[in-house]
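Listed here are the chains, written in short residue letters.
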Amino acid sequence: KQEVTQIPAALSVPEGENLVLNCSFTDSAIYNLQWFRQDPGKGLTSLLLIQSSQREQTSGRLNASLDKSSGRSTLYIAASQPGDSATYLCAVKTSYDKVIFGPGTSLSVIP
Amino acid sequence: SAVISQKPSRDICQRGTSLTIQCQVDSQVTMMFWYRQQPGQSLTLIATANQGSEATYESGFVIDKFPISRPNLTFSTLTVSNMSPEDSSIYLCSVASGAYEQYFGPGTRLTVT
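If you're matching them up, the sequences are chains E and X in order.
Using our numbering, read the first sequence as starting at 6 and increasing by one per residue.
Using our numbering, read the second sequence as starting at 598 and increasing by one per residue.
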C-alpha cells in the first residue's frame, strides 16, 4: 500500500531564505508526482508536475526533483517571500484513477 | 488544463440535514473525483465518479452517506447526508487528464452545528 510522508510538518523561515521541502513515498510504481499549494480554507493550486520518467521540473523560483528509485521528491523554493506562506502538499498518482496525498508541510515566511 | 467551479463555496448546516455540492468542469472529462479534507488533515478520496455508471467508493465511505450523481461529462454532485459535526470539512472536486495532471476545484467549506 502506497504511503506518502512529508518532512518537515511545519517550517518557519525569514524572508529571502532558500528552502527545501521533502516528500517520500513507499512504492516506486507511480505515474507522476505533483506538488500543490493550499492557502488556508482554500482549494489546491498545482505548482509542478513531474512524470515518472522525468527527474525534475522548474517554474520560476520553484524546482522539484524526483528520484523514483529511492522514493523521494524535493521542492526547492528560492528566495522565499511572505506570499509563499501556505501549506505545500505532495501527491503521487499510483494508477489511472488513484492519487495519494502526503500530510503537507505548513510554511511560514517571516517578513 | 481544466477549470472547475463548485457550489456552494461554503455553508453552515444543522445536524441531521443534507447538503448537495455541485461541481462543474469547463471541458468533458471521463472521471471526476470527490475528496474530503478534515480540519488540519490532508486530502482523502471519497469516491470516483464515471459518467453512466455507479460511483466507486473508497474504504470507509458509503453511498448512503455520500450519494453521487454524474449525469454528464462536465457535471457531478456530492450529497452529504444526515450530517453530524464530524462531517465538517472542505469537500473538493477534482478531475485528471488521464495519467497526467490533477486539477482541483476551489472547495466547499462545510460546517455542521
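These aren't lab readings, by the way, just hints derived from the structure by calculation.
Computed from a predicted structure; not experimentally measured.
Please note that the accuracy of each hint is not assured.
In the DMTMM-like style, the derived pairs of lysine to aspartate or glutamate whose C-alpha atoms are separated by at most 25 Å in a straight line are [to be verified]:
id : chain 1 : residue 1 : chain 2 : residue 2
1  : E       : Lys-103   : X       : Asp-661
2  : X       : Lys-604   : X       : Glu-698
3  : E       : Lys-73    : X       : Asp-661
4  : X       : Lys-604   : E       : Asp-44
5  : E       : Lys-103   : X       : Asp-684
6  : X       : Lys-662   : E       : Asp-102
7  : E       : Lys-103   : X       : Asp-608
8  : X       : Lys-662   : X       : Asp-684
9  : E       : Lys-47    : X       : Glu-651
10 : E       : Lys-6     : E       : Asp-32
11 : E       : Lys-103   : X       : Glu-651
12 : X       : Lys-604   : E       : Asp-32
13 : E       : Lys-47    : E       : Glu-20
14 : X       : Lys-604   : X       : Glu-683
15 : X       : Lys-662   : X       : Glu-698
Partial pick of chain X residues on the chain E-facing surface, computed with a CB cut under 8 Å [to be verified]:
id : residue
16 : Cys-610
17 : Gly-657
18 : Leu-689
19 : Glu-698
20 : Phe-701
21 : Gly-704
22 : Arg-706
23 : Leu-707
24 : Val-709
Chain E is nowhere near these chain X residues, computed Cβ spacing over 10 Å in every case [unchecked claim]:
id : residue
25 : Ser-615
26 : Gln-648
27 : Ile-660
28 : Tyr-697
C-beta atoms are modelled at their ideal positions from N, C-alpha and C, and glycine is treated no differently.
Each hint tested on the structure:
1. Between the alpha carbons of E:Lys-103 and X:Asp-661 the distance comes to roughly 22 Å, so the proposed pair stays at or under 25 Å and holds.
2. Restraint check for X:Lys-604 and X:Glu-698: satisfied, since their Cα atoms lie roughly 23 Å apart, inside the 25 Å limit.
3. A C-alpha spacing of about 39 Å is found between E:Lys-73 and X:Asp-661, which places the hinted pair above 25 Å, so the restraint is violated.
4. Proposed proximity of X:Lys-604 and E:Asp-44 is supported: the alpha carbons are some 19 Å apart, at most 25 Å.
5. A C-alpha spacing of about 23 Å is found between E:Lys-103 and X:Asp-684, which places the hinted pair at or below 25 Å, so the restraint holds.
6. With a C-alpha separation of about 22 Å, the suggested pair X:Lys-662 and E:Asp-102 falls inside the 25 Å cut-off, and the hint holds.
7. Distance hint between E:Lys-103 and X:Asp-608 is unfulfilled; the C-alpha atoms sit about 28 Å from each other, more than 25 Å.
8. Our distance criterion of 25 Å between C-alpha atoms is met by X:Lys-662 and X:Asp-684, whose separation comes to about 10 Å.
9. For the proposed pair E:Lys-47 and X:Glu-651, the alpha carbon gap of about 29 Å is over 25 Å, so the pair is violated.
10. Taking the CA atoms of E:Lys-6 and E:Asp-32, the gap is near 8 Å; set against the 25 Å cutoff, the hint holds.
11. Distance restraint check for E:Lys-103 and X:Glu-651: the Cα-Cα separation of roughly 17 Å lies within the 25 Å cut-off, and the hinted pair is therefore satisfied.
12. Annotation: proposed proximity of X:Lys-604 to E:Asp-32 is violated, straight-line Cα distance about 36 Å (limit 25 Å).
13. The straight-line distance between the Cα atoms of E:Lys-47 and E:Glu-20 is roughly 23 Å, inside the 25 Å bound, and the hint therefore holds.
14. A C-alpha spacing of about 21 Å is found between X:Lys-604 and X:Glu-683, which places the hinted pair at or below 25 Å, so the restraint holds.
15. For the hint pairing X:Lys-662 with X:Glu-698, the CA-to-CA distance comes to about 29 Å; that exceeds 25 Å, so the pair is violated.
16. Interface hint status for X:Cys-610: violated, as the beta-carbon distance to the closest one in chain E is roughly 17 Å, over 8 Å.
17. Proximity of X:Gly-657 to chain E is violated relative to the hint, the smallest CB-CB distance being about 14 Å (cut-off 8 Å).
18. For X:Leu-689, the interface hint holds, the least distance from its beta-carbon to any beta-carbon of chain E being 6 Å, beneath 8 Å.
19. With a cut of 8 Å, the hint placing X:Glu-698 at the interface with chain E holds, because the nearest CB-to-CB distance is about 5 Å.
20. Interface hint status for X:Phe-701: upheld, as the beta-carbon distance to the closest one in chain E is roughly 4 Å, under 8 Å.
21. Contact between X:Gly-704 and chain E, as hinted, is supported at the beta carbon level, the nearest pair being about 4 Å apart and thus within 8 Å.
22. Taking 8 Å as the C-beta cut-off, the interface hint given for X:Arg-706 holds, the closest approach to chain E being about 6 Å.
23. Given the 8 Å rule on beta carbons, the hint for X:Leu-707 is violated: about 12 Å separates it from the nearest Cβ of chain E.
24. The interface hint given for X:Val-709 is broken, as the beta carbon of that residue sits about 16 Å from the closest beta carbon of chain E, more than 8 Å.
25. Here X:Ser-615 stays apart from chain E, with its beta-carbon at least about 23 Å from theirs, past the 10 Å limit.
26. Remark: the non-interface label on X:Gln-648 is consistent with the geometry, its nearest Cβ contact in chain E lying 14 Å away (cut-off 10 Å).
27. Remark: the non-interface label on X:Ile-660 is consistent with the geometry, its nearest Cβ contact in chain E lying 17 Å away (cut-off 10 Å).
28. The claim that X:Tyr-697 lies off the interface is violated: its Cβ sits roughly 7 Å from the closest Cβ of chain E, which falls inside the 10 Å cut-off.
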